[in-house]
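A.B. asks: If you read the protein sequences in the order shown, they are chains G and E. Note that this note's numbering has the first sequence beginning at 38, numbered continuously upward. Note that this note's numbering has the second sequence beginning at 66, numbered continuously upward.
Since the hints were made in silico from the structure, they are not lab data. There is no bait here: all hints are sound.
Derived DEER-like restraints, expressed as beta-carbon distance ranges: (1) E:Thr-175 to G:Lys-246: 44 to 54 Å; (2) E:Ala-367 to G:Val-71: 51 to 61 Å; (3) E:Asp-152 to G:Leu-366: 49 to 59 Å; (4) E:Arg-400 to G:Gln-70: 52 to 62 Å; (5) E:Asn-316 to G:Tyr-195: 41 to 51 Å; (6) G:His-248 to E:Glu-225: 45 to 55 Å; (7) E:His-224 to G:Arg-129: 37 to 47 Å; (8) E:Cys-134 to G:Glu-176: 42 to 52 Å.
Restricting the straight-line Cα-Cα distance to at most 20 Å, the calculated cross-link-like pairs of lysine to aspartate or glutamate (DMTMM-like) are: (9) G:Lys-218 to G:Asp-243; (10) E:Lys-269 to G:Glu-313; (11) G:Lys-327 to E:Glu-225; (12) E:Lys-269 to G:Asp-307.
Simulated coverage check for chain E against chain G, where a stretch passes if three residues somewhere in it have a Cβ under 8 Å from a Cβ of chain G: (13) 223 to 234; (14) 257 to 264; (15) 279 to 288; (16) 302 to 316; (17) 334 to 345.
Note that CB positions come from ideal geometry on N, CA and C, so glycine has one too.
Read off the chains here:
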Amino acid sequence: MTTPSSNSAEPAVLLEARDVVKHFPIRTSQGKQVVQAVSGVSLQVRTGETLGLVGESGCGKSTLGRCLVRLLEPTSGSVFFDGVDITTKSRRELRDLRTGFQMVFQDPYASLNPRRRALATVEEPMLTHSMGSAAEIRERALALLQDVGFDASFADRYPHEFSGGQRQRLGIARALAVGPKLLVADEPVSALDVSIQAQVLNLLDDLQKEHDLTYVFIAHDLAVVHHIADRIGVMYLGELVEVGESTDVYTRPRHPYTQALISAIPVMNDEEETRERIVLTGDLPSPIDKPTGCAFNPRCSYAKDICRTETPVLQRLDDGREVACHFPLTAV
Amino acid sequence: MSESTTTTPLLEVRDLRVSFKSRAGTVNAVDGVSFSVGAGETLGIVGESGSGKSVSMLAVLGLIDNPNCVIEGEALFKGRDLLTMGDDELRAIRGADIAMIFQDPMTALTPVYTAGWHISEQIRAHEKVSKKAALDRAVQLLTAVGIPNAAERVNSYPHEFSGGMRQRVVIAMALSCQPSLLIADEPTTALDVTIQAQILELLKSLQGEFGSSIILITHDMGVVSQMSDRVNVMYGGRLAEAGPRRDVLRNPLHPYTWGLMASIPPTDGSRVARLSAIPGAPISPGDPDRDHCLFSPRCTFASDACRPQPALVEHSQAHFDACVLPFEQRPELRRQMTAVEEVAP
Numbered sequence: 038m039t040t041p042s043s044n045s046a047e048p049a050v051l052l053e054a055r056d057v058v059k060h061f062p063i064r065t066s067q068g069k070q071v072v073q074a075v076s077g078v079s080l081q082v083r084t085g086e087t088l089g090l091v092g093e094s095g096c097g098k099s100t101l102g103r104c105l106v107r108l109l110e111p112t113s114g115s116v117f118f119d120g121v122d123i124t125t126k127s128r129r130e131l132r133d134l135r136t137g138f139q140m141v142f143q144d145p146y147a148s149l150n151p152r153r154r155a156l157a158t159v160e161e162p163m164l165t166h167s168m169g170s171a172a173e174i175r176e177r178a179l180a181l182l183q184d185v186g187f188d189a190s191f192a193d194r195y196p197h198e199f200s201g202g203q204r205q206r207l208g209i210a211r212a213l214a215v216g217p218k219l220l221v222a223d224e225p226v227s228a229l230d231v232s233i234q235a236q237v238l239n240l241l242d243d244l245q246k247e248h249d250l251t252y253v254f255i256a257h258d259l260a261v262v263h264h265i266a267d268r269i270g271v272m273y274l275g276e277l278v279e280v281g282e283s284t285d286v287y288t289r290p291r292h293p294y295t296q297a298l299i300s301a302i303p304v305m306n307d308e309e310e311t312r313e314r315i316v317l318t319g320d321l322p323s324p325i326d327k328p329t330g331c332a333f334n335p336r337c338s339y340a341k342d343i344c345r346t347e348t349p350v351l352q353r354l355d356d357g358r359e360v361a362c363h364f365p366l367t368a369v
Numbered sequence: 066m067s068e069s070t071t072t073t074p075l076l077e078v079r080d081l082r083v084s085f086k087s088r089a090g091t092v093n094a095v096d097g098v099s100f101s102v103g104a105g106e107t108l109g110i111v112g113e114s115g116s117g118k119s120v121s122m123l124a125v126l127g128l129i130d131n132p133n134c135v136i137e138g139e140a141l142f143k144g145r146d147l148l149t150m151g152d153d154e155l156r157a158i159r160g161a162d163i164a165m166i167f168q169d170p171m172t173a174l175t176p177v178y179t180a181g182w183h184i185s186e187q188i189r190a191h192e193k194v195s196k197k198a199a200l201d202r203a204v205q206l207l208t209a210v211g212i213p214n215a216a217e218r219v220n221s222y223p224h225e226f227s228g229g230m231r232q233r234v235v236i237a238m239a240l241s242c243q244p245s246l247l248i249a250d251e252p253t254t255a256l257d258v259t260i261q262a263q264i265l266e267l268l269k270s271l272q273g274e275f276g277s278s279i280i281l282i283t284h285d286m287g288v289v290s291q292m293s294d295r296v297n298v299m300y301g302g303r304l305a306e307a308g309p310r311r312d313v314l315r316n317p318l319h320p321y322t323w324g325l326m327a328s329i330p331p332t333d334g335s336r337v338a339r340l341s342a343i344p345g346a347p348i349s350p351g352d353p354d355r356d357h358c359l360f361s362p363r364c365t366f367a368s369d370a371c372r373p374q375p376a377l378v379e380h381s382q383a384h385f386d387a388c389v390l391p392f393e394q395r396p397e398l399r400r401q402m403t404a405v406e407e408v409a410p
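Next comes chain G alone, as it looks inside the complex (with noise of 0.2 Å):
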C-alpha cells in the first residue's frame, strides 16, 4: 500500500467521478417518488491506492460503487477512468473498457453460476473479451486460482464445494481474469467469519502488490476499512460528508457524524468502558423524504439553525480534510 504524500509526485488519477447523481423513480400510495440513493458524490482515486467508502445501510455506498463501474447509469455526472468518461460510451465501446475495471461482489453464494466449475468461472471472461488462445487462457486461469490460495485440485470443482471465504476468493480471481486496473469491491467480507475474513483482506492486500491494484473497498464496517484503505470517504444518506487519509478520518474525525460512527464500534476491552460513547438517537432518514439543510441536521447533537436551512458543500479544511459540514469538529 502507498501512503499518497502532498510533497512528492502523485500518482495518475485513475477513477474520477464528478457530481454523480441516481435517483430511483418509485411509486407509491402519495404518487411517484423519487429514492435519492447518490446525490452528487464527486471523488478521485489514484493509481495504486485504496480507497475505502463507509456508511450505514440505505447511504448509497453500494449505489455509487455500481455507478462508478457503470453497473447502474448514473441519473446525471460523469465517471472518468484513466481519462476516458464511461458515462457517454457505448454498451459496445464499454465492454473493451471494462477489462479495465471490474467489481468484486458481497455475497459470494449469489454472484457465481452454480453449474460452472472453478476453472471454466475464471476462464469465462477471458473468453469473452477473446484474450488470447484457449490453452493460453487456461494457464492463465490456473495461475489466477494459484493466486488466490486454490491448488490444481480444485479447477474442477463446483461453487457449492467451495466454503463461504473460498467462494470469495474464487469471486476475486475472476474479477481479476481480465487483467483490469481497478476492483471496486463491494462489502467483499462482510459475510465472512472473522477468522475467514481475516484471509481474504491479507490477500487482498497481497494481489494489490502483486497486480498492481488500484481498490475502491465498500464496507460498512470502519474498523476494516480502516485497516484496509489509504483514504476513506464517509457517506450519508447519499453524499459524502467526509474524505481524508485513513488514519486521520479514524482517529480525529472532523464531522459529527463520523464521530458517532466511530464512537459506536463495540470495542474489545478488558476494562470497564471509559469512553464517552455518543449514542445517536433516531433512524436514517428515508432517501425519498430527505431532511432539509444538511441531511444529518435531525440525529447531530450541534446542529443549529443554519443546519436546518443550507446544505453544506464538501469542503477542504486547512489540514487537507473535506468535510461537509457548517461546523466541522477541531482537529485534536
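Guided by the hints, dock chain E onto chain G, whose structure is given.
C.D. replies: Chain E in isolation, oriented as in the chain G frame:
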C-alpha cells in the same frame, strides 16, 4: 461449572450433546457442553458459524423440530430439567420465564399482525388479563424500549418499522412477561453500528430495571466485551475456553481465542501491516474424526498431544480452557502466534 456464585445458578447446562442423524452420517452440532448462568448475570457465547452456539440454546428451549435430532444431557432451569419436560410445561416457561430474541427481527414477527397484537398475544398466552389490559401493557413496553409515540405505533405493522425499531418491538415482546432469563441470539448482527449501539444500551438498561439474566450469542468479541460478565468461547460444538470476561480478554488461554481476537482489525486507531489470520477453514461438524482437539488442524502448536480431546481444565478462578500447551508458556506462545508488524500512522 462456576464456583463463583454461591447460590444455585438460574440455568445449569450439563454435558449437552445435540446431534443430527443423516444419510451421510451423524453431525455433532453440540458435543458435551456444560455451563451455568447466575441470576442477573450476562453470559456471552462467542464462536463462528457452525460452532454450535445457536443450536445449543435452541436445544435447551426445545425449539428444534427435527425427528433426526438427538439431544442428550441436562438443562436445569431453577432446578427443573428443561430437556425432560413435557410440551405443556415447557410452553408455560418459554415466553414467560425464559424469552428469546432472534437475529432477524423481520422473520421473528408475523407480517400480518400489528406490534400490539404480538405483545398482547404473548401476555395473554401466559396470564389471565383482558385484551384491553394486555394492549395497555404493550404500549407501556413499547415506551420502555424507546419507541416514540407508542400509543399510536402499537397499531403499526412490522413492515412499517425500521430494522432497529423492529428489534425494539421484539425486545418488548420478549420482556412482556418479565422473564428471569433472556436469550439473545445475535440480536444486533443485522443492524447498523449506530443502531447496534442503541440496542445494546437498551438491553443493558432494561437488564438493570428487570434484573433478568442474559445469554448473549454473538460472533463479535467487541459486543461480548461490552455486554457480558462471563464469556464462553465455542469451537466445533465444544467449549474451547470459558471464564470471567476480564480474564478471557486480558489473558486468553486457548490458541483459538488468540486467533479470534487477533483476526479482528484493531479498533484503537493503530494499523497493522497484516492481520494475523487463522489458517484453514473451520471443521465440518459432520467430520467423523472427532477424538482430538478440533482446532488442532488450524493450530500453529498442534502436536500428538492434541489427541484425544484435551479436557476442560480450570487454570485460575473459574477460568477454564481445553488445551494441552504448558500453562506458563502460554503468554509467550500467544506472542509468537499473533505477532504482527505495526505500521506507523
